[in-house]
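> Residue numbers (this note's numbering), protein chains in the order written: chain S, 1 to 740; chain B, 1001 to 1159; chain Y, 2001 to 2194.
A couple of the hints might just be wrong.
With beta-carbon atoms standing in for the labels, derived distance ranges [stated by the list, open to error]:
(1) 1011/B / 2167/Y: 56 to 62 Å
(2) 1154/B / 354/S: 47 to 53 Å
(3) 2167/Y / 1007/B: 19 to 25 Å
(4) 2166/Y / 266/S: 26 to 32 Å
(5) 1154/B / 2104/Y: 37 to 43 Å
(6) 1065/B / 352/S: 39 to 45 Å
(7) 2098/Y / 686/S: 37 to 43 Å
(8) 266/S / 1052/B: 27 to 33 Å
Distance condition first, Cα-Cα at most 30 Å in a straight line; then the derived DSBU-like pairs of lysine-lysine [claimed, not checked]:
(9) 448/S / 236/S
(10) 196/S / 1141/B
(11) 246/S / 1141/B
(12) 1002/B / 582/S
Derived contacts from chain B toward chain S, CB cut-off under 8 Å, selection only [stated by the list, open to error]:
(13) 1042
(14) 1123
(15) 1127
(16) 1134
(17) 1153
Quick caveat, the hints were computed from the structure, so don't treat them as lab data. Backbone N, C-alpha and C define an ideal beta-carbon position, used for all residues, glycine too.
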Amino acid sequence: MTELSRRGFLGGLLAGGGALVLAACGGGARGAQTLRIQHADQTGELVANLYISVLPTGRVALVVNKAEIGQGVTTGYATMVADEIGVPLDHVDVLFAGANAALRTSANMQITGGSTSTMEAFVPLRQAAASAREMLIAAAAEQWRVPVTLCRAVDGHVEHLADKLSFGELTKHAARMPVPASPRLKTAKEFTLIGKVDRRIDARAKVDGTAQFGIDVSVPNMVNAFAIHGPVYGAKPLTVTADAAKARPGVLAVIAMPWGVAIVADKFWQARAAAADVRITWDKGLVAGLDTTKMRDALRAHDGTGEGQVSKHDGNAADALADADVTIGGVYEAPYLAHATLEPQNATVAVSGGRAEVWAPTQSPTLVQAFVANALGIDMEHVTVHVTLCGGGFGRRAIADVCAQAAMIAAHVKRPVKLTWTRESDMTQAWYRPIYSVKVEGALRGGKVTGARIHAVSQSIALSGKTLFGAALSKLPGPVVDMVTNAALALFSTSSFGDIFATEGIANSPYQLGNFELSSEPVQTKLPVAFWRSVGNSVTGFVMEGFIDELAVAAKQDPFALRRQLLPPNSKQTRVLDALAKLSGWATPPGTGIGRGMARHFAFETECAQVVELSVVRDRIRVHRVYCVVDCGLAINPDIVKAQMEGAIIFGLSAALDQEITLVNGVVQQRNYDTFPLLRMHECPEIIVEILPSDAPPSGVGEPGLPPIAPAVANALFALTNVRLRRLPLHRAWAERGAA
Amino acid sequence: MKLVVNGNSYEVPCPADTPLLWALREEVGLTGTKFGCGKALCGACTVHVDGEPKRSCVTPCGDVVDKAIITIEGLVRDSVLHPVQQAWVEENVPQCGYCQAGQIMTAVVLLRAKPQPTDAEIDDAMSANLCRCGTYPRIRKTVHRAAELLAAAPPAVTK
Amino acid sequence: MKPLVWALGACALTAAVALAKPAAPPAPAPSAGAIAAGQRAFVTVVTVLKSPRCVNCHPAGDRPLQGDDGHPHAQNISRRTVAAGVPCSTCHQTRNSEAVGVPGGPPGAPSWGLPPADMPMVFQGKTATEICEQMKDPARNHGKSLAQLLDHATSDPIVLWGWAPGGTRTLPPISHDQFAALFKTWVDGGGACP
């Protein structure tokens, strides 16, 4: 995996502004100086986002405008291109695109999120590759003076009877051929790689130490920075005493920043060690006094009556509740959560002459531009971004606060700076998954579900985004601010429903509950909240599936049978559920001492359902096995889909069982993996994944595996113990089950 | 001070209390060993010192002078992957890949101590290595595969 | 009182080997007063052995304990971890992490670790008498003499660490000098158990 460093090459590509570029090399070498670029503009329905170059070596260079955060996007994109163009997978070299307006394919941004990458690219990327294939075939056919219909592209060659020319021999000629208006895409039956490839193209570099993450970046004349952040989020240093630190070997500067203090040294460890000699007094910070225990009580106190924005209103839920012979319900709660990517936040920035160059493990080069431009008071267009591999993303790397901080330091010391946050900074500055408190009420009459009312109170990502992005972009010219804030807000919210993230997964729930009312109420603090794997679904899945389980208990129905009854017949949902029942042996009771629970969720266009088998040993929930069935449309790389399901289940299980970010008097209490635990190998269940075969276009894969796991565990725990837990994390809820 | 890494000697100017991790990354220039937590909580920085695993983020480099230090890069011989690395590729273990150097370094010492480990023995050795992407089921499976590969063709030992 | 078997073996020797060695010249029998003083002293010695700094590495099971509350070691660590190729020294170095600029990192001292599986030397959940009998029993202490036990108590770096544990770790209830003196009193009393 190489980062696209040949800026001349990329610049040349972008100058054409086209979707498809077939680059031919006039001089025969691959250097930027000798490349002669032939542009082939393709407009109309194609989104100008991806760049394919067939080089004279016969290799295919693929520029990917997405971040590889472990979800396998580079393998997926390379697979689609290789299959459609007709080369073996290992003939494709993936390059990460830098920031460029022409590459904004998601809400006018370059961003990797919402499990959209494969959905977004499935047609246009293959169209671009098919165009390249047809141009190569056309070039060969012209040379052989035969009809193109008698030629075919296979294994990096164009063939006609016994004649054979390699793609490399054809690039120069092919670049002069007209771009096909509507290239023919392969049918599913013709796929040789899509749905069949069982490897990752980045595996080797990730096991031999050569993979380059952001933290591994080194540029000439670079120095290193260590940041000290105040005890309270956003705290500004009032006084900094650093004479002794500045006298230490290698230390170049100690800088007071708008939030935090930076120590700059030749080497990171020199800077880190010098921190012992820095004395700082801080202002009270942005969230002084914030206390999650009190906040939880305050959120619970909102009963929702007559408050908030109604985002769904079918029939009359109030009447259904009044007329019910049985009502059920309670308050479902979820804490703030950190992403805790294993690679701490970091960025390398060089600043000179009103321009900045950034090397960063980022999910959004556009937001890197915005944050850095604002920090320096320069134009966004003057920020060059190089995207590296990301050591985990999960939403955290959409936010470029560390890049802004690195830029300020670089501007101060007038040398390229790599800023590496410690784990403690990473965890206390995390742009958290919001805190939620969701009141649910269900009505039953004669054993039938007749209605439901749900009121979601949560810290609003939309409002947090608006406030924080507004501030982050305050120094930029108006039109640029509008462009980025609108783009960000398009991701953050819908104008009609307020904060879409508060209710996503409930508002679009496929359950047919009869009379139904859904409302939401935003809560604001200055603790930043943003995207965390599956975003609102990480909570609403827990809410809805716990609620459905409660309804099943009240209706004296099997949880599978009730779901079957409430879901649309012959739907994706019922197909997945039926397959899950079969896979997990639902009809057969679980063994003695084993609790079994079920949950499902639809998000990112993908349906995923899970069954959990667990036991409780000395007050610890031990999940033994998870069955998972997913319908994600066509699986480009089934093994990566399986890996994403495994990963999302484990990620979600870590959160469901043990994780929470709490604040006492404004101070985040969790600072490292000892207090914010991740599941470890000995706690990891056996996971059995089934991917339903599908001819539908691919849908999301990185996130949909997460929402069902927490409710499946809570439901299994209820089945085993008759204790209904409505609060995450479950071990805390279990320990305090008598208290609330 | 002199550090012997992957069979090569390096004169590094670090104070003796500098964690080995940073000496490797910033002085020797081997960045395959990763910084994750800084406190021996995650295992991403695991290397071998005289054949034993070490969390390099808490190991002062003054303690390992003249000892045989092996990093993830040192498992590769003449561009050929160590059987454990090879197994990792075959089974598509990495997702983001950031923790995998530490996972592999731990798996190598496990397989020396227990050439045919049980699942429980794999848990015993590997539970101190964190993976945020959740590759644990694959790691467990792959350690068994690596055991097969090692039994078939044990690697030469780097001094 | 059973005769003591004085062993010359170092800790690496197994109990069986140690027992097979010819006995060292017997020390003069302690006086009744010395025995009584030793028994009293051992009761106070046990308050140290039961403090978190000592008992955490002398647990009843295979898992070391952590913290002043003695919770099981995180990360699924046990004697089996060591057997699977990952010794305590993977994380625990010869000094506390604070000493190398990593505050809050693992504590460390030379030879950090649990007693071996065949000599677990359990303090957790044992009475003073049980600890005393166990401690001086060559079959359960790798053949160590009282003098060697005294040496461990007074000068082994891992024992001394207990009084300089760093961080916010609590100290044993009495000073090391007092502990060493009381331990010697017990040894001088012939290792008589309370």
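> Can you name, in rising order, the numbers of the hints this structure does not satisfy?
Checked against the structure, the hints that fail are numbers 1, 2, 3, 9, 11, 12, 17, while the rest are satisfied.
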